[in-house]
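Q: Just so you know, the protein sequences line up as chains Z and A, in that order.
Sequential numbering from 2 applies to the first sequence in my numbering.
Sequential numbering from 3 applies to the second sequence in my numbering.
Hints listed in this document are in silico derivations from the structure and should not be mistaken for laboratory results.
By construction, the Cβ of each residue, glycine as well, lies at the ideal position given by its N, Cα and C atoms.
Warning: the hint list may mix true and false statements.
A short, non-exhaustive set of chain A residues, derived as facing chain Z with CB atoms under 8 Å [said to hold, decoys possible]: (1) Glu38; (2) Lys99; (3) His125; (4) Pro126; (5) Asn141; (6) Phe142; (7) Leu143; (8) Gly146; (9) Leu148; (10) Ser149; (11) Pro151; (12) Gly237; (13) Asn240; (14) Thr251; (15) Phe254; (16) Asn256.
Under the rule of at most 25 Å between Cα atoms (straight-line distance), these lysine-lysine pairs were calculated in the BS3-like manner [said to hold, decoys possible]: (17) Z:Lys232 <-> A:Lys209; (18) Z:Lys207 <-> Z:Lys96; (19) Z:Lys175 <-> A:Lys127; (20) Z:Lys101 <-> Z:Lys119; (21) Z:Lys119 <-> Z:Lys46; (22) Z:Lys229 <-> Z:Lys292.
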Amino acid sequence: MKIKKLLPILLVFSLLLVFSSVTMAETLTVNTYTSDPAPRKAMKKLVDIYEENNPDVDVQLNITAHEDFKKAIRVWLSSDDPPDVFSWFAGNRAKYFVDKGLVMPFTDVWNEENLDQKIPRAFKSISFFEDEAYFLPHSYYWWAVYYRESIFAEYGLEEPQTWEELLEVGETLKDNGITPFAIGTKFKWTAAGWFDYLNMRINGPKFHTDLMHGEVPFTDDRVAEVFKKWKYLIENDFFVENAAAYSWQEGLQFMTQGDAAMYLMGQFINDAVSEDVQKDMNFFRFPIIDKDVPVGEDLPTDGFMIPAKAPNPELAKDFIAFLASVEGQRVFAEDMGRMVPNKDVPDEVYDKPALKGKKMIENTDALAQFYDRDMDPEMAGDTMDLLMKFWQYPDQYQSIMEEMEQVRQKVME
Amino acid sequence: MEKRKVQWRFLAVPLIFYTIWVIGPTIYTFYLSLTEWDGLTDPNFIGIQNYLDLFNDSIFYTSLVNNFIWLLIFLLVPVVLGLFLAILLSKKIRWAKGFKAAIYSPMILAPVVIGLIWSWIYHPKAGLLNNTLTYVGLNFLTRGWLSNPETALYAVIGAAVWRHTGYVMLLFLAGLTSIPPTLIEAARIDGATAWQRFRYIILPLLKPATVIVLVITMIQSLRAFDFVNIMTRGGPFNSTNVLANYMYTEAFRNYEMGYGAAVAVILFIIMFIFIFFYLRRIREEELSV
Numbered sequence: 002m003k004i005k006k007l008l009p010i011l012l013v014f015s016l017l018l019v020f021s022s023v024t025m026a027e028t029l030t031v032n033t034y035t036s037d038p039a040p041r042k043a044m045k046k047l048v049d050i051y052e053e054n055n056p057d058v059d060v061q062l063n064i065t066a067h068e069d070f071k072k073a074i075r076v077w078l079s080s081d082d083p084p085d086v087f088s089w090f091a092g093n094r095a096k097y098f099v100d101k102g103l104v105m106p107f108t109d110v111w112n113e114e115n116l117d118q119k120i121p122r123a124f125k126s127i128s129f130f131e132d133e134a135y136f137l138p139h140s141y142y143w144w145a146v147y148y149r150e151s152i153f154a155e156y157g158l159e160e161p162q163t164w165e166e167l168l169e170v171g172e173t174l175k176d177n178g179i180t181p182f183a184i185g186t187k188f189k190w191t192a193a194g195w196f197d198y199l200n201m202r203i204n205g206p207k208f209h210t211d212l213m214h215g216e217v218p219f220t221d222d223r224v225a226e227v228f229k230k231w232k233y234l235i236e237n238d239f240f241v242e243n244a245a246a247y248s249w250q251e252g253l254q255f256m257t258q259g260d261a262a263m264y265l266m267g268q269f270i271n272d273a274v275s276e277d278v279q280k281d282m283n284f285f286r287f288p289i290i291d292k293d294v295p296v297g298e299d300l301p302t303d304g305f306m307i308p309a310k311a312p313n314p315e316l317a318k319d320f321i322a323f324l325a326s327v328e329g330q331r332v333f334a335e336d337m338g339r340m341v342p343n344k345d346v347p348d349e350v351y352d353k354p355a356l357k358g359k360k361m362i363e364n365t366d367a368l369a370q371f372y373d374r375d376m377d378p379e380m381a382g383d384t385m386d387l388l389m390k391f392w393q394y395p396d397q398y399q400s401i402m403e404e405m406e407q408v409r410q411k412v413m414e
Numbered sequence: 003m004e005k006r007k008v009q010w011r012f013l014a015v016p017l018i019f020y021t022i023w024v025i026g027p028t029i030y031t032f033y034l035s036l037t038e039w040d041g042l043t044d045p046n047f048i049g050i051q052n053y054l055d056l057f058n059d060s061i062f063y064t065s066l067v068n069n070f071i072w073l074l075i076f077l078l079v080p081v082v083l084g085l086f087l088a089i090l091l092s093k094k095i096r097w098a099k100g101f102k103a104a105i106y107s108p109m110i111l112a113p114v115v116i117g118l119i120w121s122w123i124y125h126p127k128a129g130l131l132n133n134t135l136t137y138v139g140l141n142f143l144t145r146g147w148l149s150n151p152e153t154a155l156y157a158v159i160g161a162a163v164w165r166h167t168g169y170v171m172l173l174f175l176a177g178l179t180s181i182p183p184t185l186i187e188a189a190r191i192d193g194a195t196a197w198q199r200f201r202y203i204i205l206p207l208l209k210p211a212t213v214i215v216l217v218i219t220m221i222q223s224l225r226a227f228d229f230v231n232i233m234t235r236g237g238p239f240n241s242t243n244v245l246a247n248y249m250y251t252e253a254f255r256n257y258e259m260g261y262g263a264a265v266a267v268i269l270f271i272i273m274f275i276f277i278f279f280y281l282r283r284i285r286e287e288e289l290s291v
């Protein structure tokens with residue numbers, strides 16, 4: 002009797018199993034870190050468009066906050082049940098997963114979709130690892146010196162093009178009781194931005210890349226030049242006091258209140274200010290220090306990858322193809338003011354600042370991601386601590402360079 | 003015999019959970035501390051290399067020293083202050099209940115919230131502390147409390163002390179209620195001074211409460227993490243780092259799980275030694291009485 006009773010239950014269960022495995026084949030799991038309100042909305046919109054185009058596919062979108070995502074992705078990738086597609090950062094962080102064999106190449110998609118024609122060549126270097134495409138660049142933003150137009154107008158200042166002009170602007174501002182640069186270094190990376198730009202402007206993007214990859218010692222004389230320039234700014238009160246007490250947003254308040262005039266920051270600075278201030282914000286390229294050095298810019302790029310153990314690789318590749326298309330990219334440009342790599346995305350989707358940024362990038366010789374996106378995570382974390390020490394004791398830059406070198410050797414061994 | 007079996011049956015369920023969630027991971031952490039592991043590929047056994055590296059690691063020493071400074075201040079300030087407040091507020095004074103509630107209330111808040119509140123108090127420009135100092139004419143004392151490596155650690159500990167004092171006070175208050183007032187009254191009639199009453203009657207009778215306070219204070223100061231992580235993240239340049247935070251950054255920022263585990267093991271041993279010897283001494287004394 003017991004068996005008789007069990008049989009229908011078993012039947013139902015096995016049916017359920019069959020059924021669920023059928024539906025599973027139609028489910029595409031996408032995990033992203035687009036957790037801020039605007040990116041969250043844009044990502045959902047993208048998924049909706051894809052589902053509309055592919056009625057038989059059900060996309061399961063899981064959004065996790067940035068920092069949590071960075072930890073969780075390591076667990077997902079090494080588990081047997083990873084997502085089909087996940088959002089990720091270009092540069093060293095992408096390379097890390099490629100080196101560990103945790104992600105799947107999709108060179109076939111790249112060729113089928115003819116992405117060589119659609120995506121600028123500069124991006125290929127961050128997408129390809131040993132002739133295979135692993136990373137689809139999807140959106141990016143630029144770094145620049147942001148400033149308050151009203152303050153510049155009040156003191157008759159122009160956007161500085163060279164280092165000397167920048168120093169002059171700074172002196173004028175200081176004479177009028179305004180701090181030239183706002184910054185909050187509690188989370189350290191804002192200071193790393195200064196290192197990036199000073200190094201690229203003084204020593205060029207090639208040297209910068211080598212340094213970021215740990216191929217040049219930090220004790221190199223050329224690095225000393227970076228610290229000397231930076232030291233001058235710190236010692237001459239170009240930055241707000243007690244910067245280490247503020248997060249980047251708290252540091253921004255000096256600028257929104259009009260106590261500071263400029264901030265070296267990414268395009269996302271606009272996400273953090275009121276509309277009134279936004280209208281008063283403008284930006285210029287980090288001034289040229291040495292005319293003979295090629296111009297490099299930080300251009301952090303976000304994109305998508307496929308885990309090596311993705312349950313539905315074919316579906317994942319189809320989604321990647323969609324993300325590479327005009328339809329799959331324009332939402333991020335239109336709704337968030339980010340730049341997108343696909344060249345066929347029409348210019349009218351960009352607002353005025355975005356077009357200015359685009360023009361700036363087009364006149365750039367080489368691209369970097371960002372200090373902690375280009376570097377090994379441990380080396381980035383520990384050397385950024387030392388940049389904080391430099392900020393406090395700029396005199397000691399020589400011993401700090403040696404300490405940075407010790408970190409490099411420890412990580413590289 | 004039967005009774006024993008029943009006991010074990012009751013114990014079995016919590017024991018299983020305890021083994022899975024506490025003892026197991028602890029042992030696994032000991033094993034991990036002997037490996038190099040990035041959290042992705044398989045752990046690579048390297049013997050005691052992590053510990054050898056630790057002994058040459060200046061950040062490890064900074065964190066260790068900071069933990070002991072933390073412990074010292076915690077044993078001094080909140081314990082003494084808490085005891086003082088408890089005795090004061092156990093007297094029949096006006097508003098005693100209100101004061102008790104006010105002093106205890108920080109304990110209700112999560113440490114994260116307190117860390118944020120104190121970050122605002124320490125805010126160099128708009129903060130309560132610097133503005134008050136300016137207001138009373140002590141401008142020369144104002145500074146970036148959390149950004150200056152000389153003051154940052156003490157500023158963070160200050161926030162933690164604020165939270166802990168109320169807790170200590172409450173524990174002592176509970177201890178004080180268990181002392182029969184007749185005893186103190188009798189001493190008073192016999193002509194004992196206030197200090198004598200405190201030293202020879204209240205303090206010895208408060209011993210059970212004191213033991214709990216000291217153990218909790220030690221644990222709190224050694225496991226310090228939340229305040230550091232919220233207020234300074236161990237910065238500027240590690241001047242406020244403590245072992246628990248260092249373990250966290252090594253394991254989850256630098257992806258050196260093995261190295262982080264080694265820090266955890268050291269922290270575990272320090273805590274274990276302190277608490278083990280302390281509790282053993284207490285037990286011995288109790289038995290000898």
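Q: Going back to the hint list, which numbers does this structure go against?
A: 1, 2, 5, 6, 7, 17 and 20
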